[in-house]
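Below, each chain spelled out in residue letters.
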Amino acid sequence: MKMNRRRFLLGTTVVGGGLLLGYATTRPSKHQLANAALAGNEPPFLTTWLRIAPDNTVTVIVPHSEMGQGVLTALPMMAADELDADWDLVNVEQAPATDLFANGVLIKGFATSLGVSIPRFLDGMATSATMKVAEIMNMQITGGSSSVRFTGEQGMRVAGAAAREMLVKAAAARLGVPEAELTTRLSHVHHAATSRSLTYGELASDAALFEPAAYPVLKQPAQFTLMGKPIPRIDIPAKVDGTAAYGIDARLPGMLYAAVKTAPVFGSKLASVDSTAALQRRGVLRVVEMEDAVAVVADSYWRAKQALDAMPVSFASSANDAVSTQTIYAQYDQALQGELSEDVEAGDTAAAIVGAASVVEATYRVPFLAHAAMEPMNCTVHFHEGRCDVWTGTQDNLGIRGRVASIADMDENAVTVHAFYLGGGFGRRLPTSTNTIDQATRIAMLFDVPVKTVWSREDDMQQDYYRPAVTSRFRAAFDASGNVTAWENHYIGKNEPAEAAHTPYSIANQSIAYAESPTHVPFGAWRSVAHSQHTFFMESFVDELAHQAQQNPYQFRLNMLADKPRHAAVLRAAADRAGWERNLPAGHAQGIALQESFGSIVAQVAEVSITESGEVKVHRVTCAIDCGRAVNPDTVRSQAESGVIFGLTAALYGEITIDKGAVVQRNFNDYEMVRLQDSPEIDVVTIESGAALGGLGEPATPPIAAAVANAVYILTGQRVRELPMKNYRFTAVPTERV
Amino acid sequence: MARFRVNGSAHELDIEADMPLLWALRDELGLVGTKFGCGIASCGACTVQINGNAVRSCVTPVSAVEGADITTIEGLAVNAAGGLTAVQQAWIEHQVPQCGYCQSGMIMAVSALLAANPAPTDAEIDGAITNVCRCGTYPRIRTAIRSLTSTTA
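Residue numbers (the numbering used here), protein chains in the order written: chain A, 2 to 739; chain B, 1232 to 1384.
Bear in mind the hints are in silico, worked out from the structure with no lab data behind them.
Treat the hints with caution; some may be incorrect.
[Stated by the list, open to error] Here are some chain B residues pointing at chain A (derived, C-beta under 8 Å):
hint, residue
1, 1232
2, 1235
3, 1344
4, 1349
[Claimed, not checked] Here are the simulated distance ranges between beta carbons:
hint, chain 1, residue 1, chain 2, residue 2, range
5, B, 1381, A, 580, 22 to 32 Å
6, A, 300, B, 1234, 55 to 65 Å
7, A, 255, B, 1240, 34 to 44 Å
8, A, 322, B, 1249, 33 to 43 Å
C-beta: ideal position from N, C-alpha, C; glycine also.
Can you build the whole structure from these sequences, using the hints too?
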């Protein structure tokens, strides 16, 4: 699908003057409806992205969710830069959840026209059992590190540049001078020869009469005035004075609160509830029985939760009652003995292994992981007069609108989703992970007042959509000169993105294959998705090969990246900046790892020591990233820092185990996180390669586990083939350096 | 009847003695800047100041704060010039928050620490600031704290 911009980019004037610019998708009737709801008398068929008002303010409307990744700042920067707008006059609005702002189609189109495939896990939602394809096309999705890459690069910049050209045309007509004599700067059009200038606001209504260019001329990076600068994030002031509103903060007149207990064994059913005592407690109004859960509704969350915890509840036994982490791992091992599906097949791996001078084998595993976003899952729903309002923080407001409408059997247009800041997303708040929202909807359908359903931390820990546990089995072959001639990787469960288990290294014979081995544990997208497991596996195993070949792990990698100059440059940048293996304090060692994901290439060097009690201490992480070009360099840094710490928590502590069919871990006391005291110093190096923009929210997460484990090997001689590292007691031993 | 002062205002609430302060603040008084994170005093998202000390309100029953002076994020900057305290300004200067959900608790904990100990060592900072930030803003939190201690120490 090639996107024809001419058909989509539209500009028009508005009542009261000014210019509106945006994109139309292909559903005029729905747009008319949504537009009318949005602005009363604004023109139809328009996905408004830019509004220039007579008072010279510019409003940029952002159709993505802010979850800390800086999208509310980066996207407006991109539009305002091309527009040559005065940043101080730029306002930012969160797009409402109407079809008008559906970006699924747009993202797809943008990605396709860039020749980039969007992460298939976003696409995959179309086939998810809970969603209809029609609902998917209404995506307003924030995921796959896609907002800046697609909406920004192909949408915001084009809209800004087209509006600027229209303003110049209007000024040329007004001043009676050729367009070529006009310049734009800080929301003004200037005519230098006559020292005249007009504000964008003065020109906006005239500008709206011109047709936006289908292919406006975009700036070259040297011309950028905002992109590439560390512009302070617009959402931060509200996040330091307590006024930033998250879904859980919704407060409405007459609101009730629900606390829920869900079957601990996934898929099990509610068997019995004795609500007698609960209903006599202060503030309790009702006990709601659902298929696999029970809720207490009260006039305060705490009263609802107290009553729920005291209430006798039992769940039916199920076929999964005996499932444990051990049985799942045994099931995986068996699956890997069976028939495998091809991922990558190159050369003749079997022959290379047979004819090898030496063969190295290793099996790696990682456990299930929870998202553990700081804001516990919650959703407030109000059914009234044939309509429904929903207050929640989600990575896809439109998807949630569709979901609530389908559960309530209502027209989507009768459902309004009120957007909030997200207290963490990481994949947990995607529209394939709606168990909280489903419950909140079913509960609220029984009331005519708003009901806020709040999950406890324990509910979230035990009812997540988990990063799957994976086992990966490697074999590699060396020839007599110590070159790697074959790479075999058999792993469990093909997930997205499709290339996550592909090695970047130049190895002639490759056999990468997988076995599907489904479990009853629900799985979802977890920051960086399949890269989080496979990068640990692959970059640890490559390190094993380097040591086997008695080569320096950094040089060993470089030698196999001859045909990947961007990868090699990133690896070199990380090693150089970290001072690879130079001047390390006694008892410290460095490990290195590399991975490309979501269009960005990241290499990390971790400097590590072993504490007296045998634990891993990470002192410093150097993170080199090539994301093409940094739109907001400070956001690049903060997302890299964030990705490293997120991945480090998984490497050191993260472990969801299954016992008797249910999740064992309950809260932060047994699902520990990196905290300030074990947070390393993080040094971020950004490489401006000029390549197509890569994502930022996820790519820094994958490499860190292997970087740390590779350093641990140097310190201890022990190869970490299973995470998390808290399960080990390490002993530092001096080893020969290569 | 629970009686305490929040951000300078006296409150008298007809609530259970064992209701945690967190829920009294959020659901009874509508002060939702204080966040629910874990309910077991592990993550610190619910940190408020009670008579100037950082306290995790999710496990503090209102009976334990009878007559106390409570400060929440909403009241932290009441007497600050420019509407923000030095800690809040440092948080903006160093662009600390990401999702921001834990930051009310972080700021309340850091403010209490620096009020009691204007020049903490790294070990003292680590010991006092045990709040969880899932976005991993720790490097910036440390930088922001250091920017305050180097000017006040």
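Evaluated hints:
no.: 1; hint: 1232; verdict: violated, 14 Å
no.: 2; hint: 1235; verdict: violated, 17 Å
no.: 3; hint: 1344; verdict: violated, 11 Å
no.: 4; hint: 1349; verdict: violated, 18 Å
no.: 5; hint: 1381/B x 580/A: 22 to 32 Å; verdict: holds, 26 Å
no.: 6; hint: 300/A x 1234/B: 55 to 65 Å; verdict: violated, 21 Å
no.: 7; hint: 255/A x 1240/B: 34 to 44 Å; verdict: violated, 24 Å
no.: 8; hint: 322/A x 1249/B: 33 to 43 Å; verdict: holds, 35 Å
Checked against the numbered hints listed earlier, the structure breaks hints 1, 2, 3, 4, 6, 7; every other hint is satisfied.
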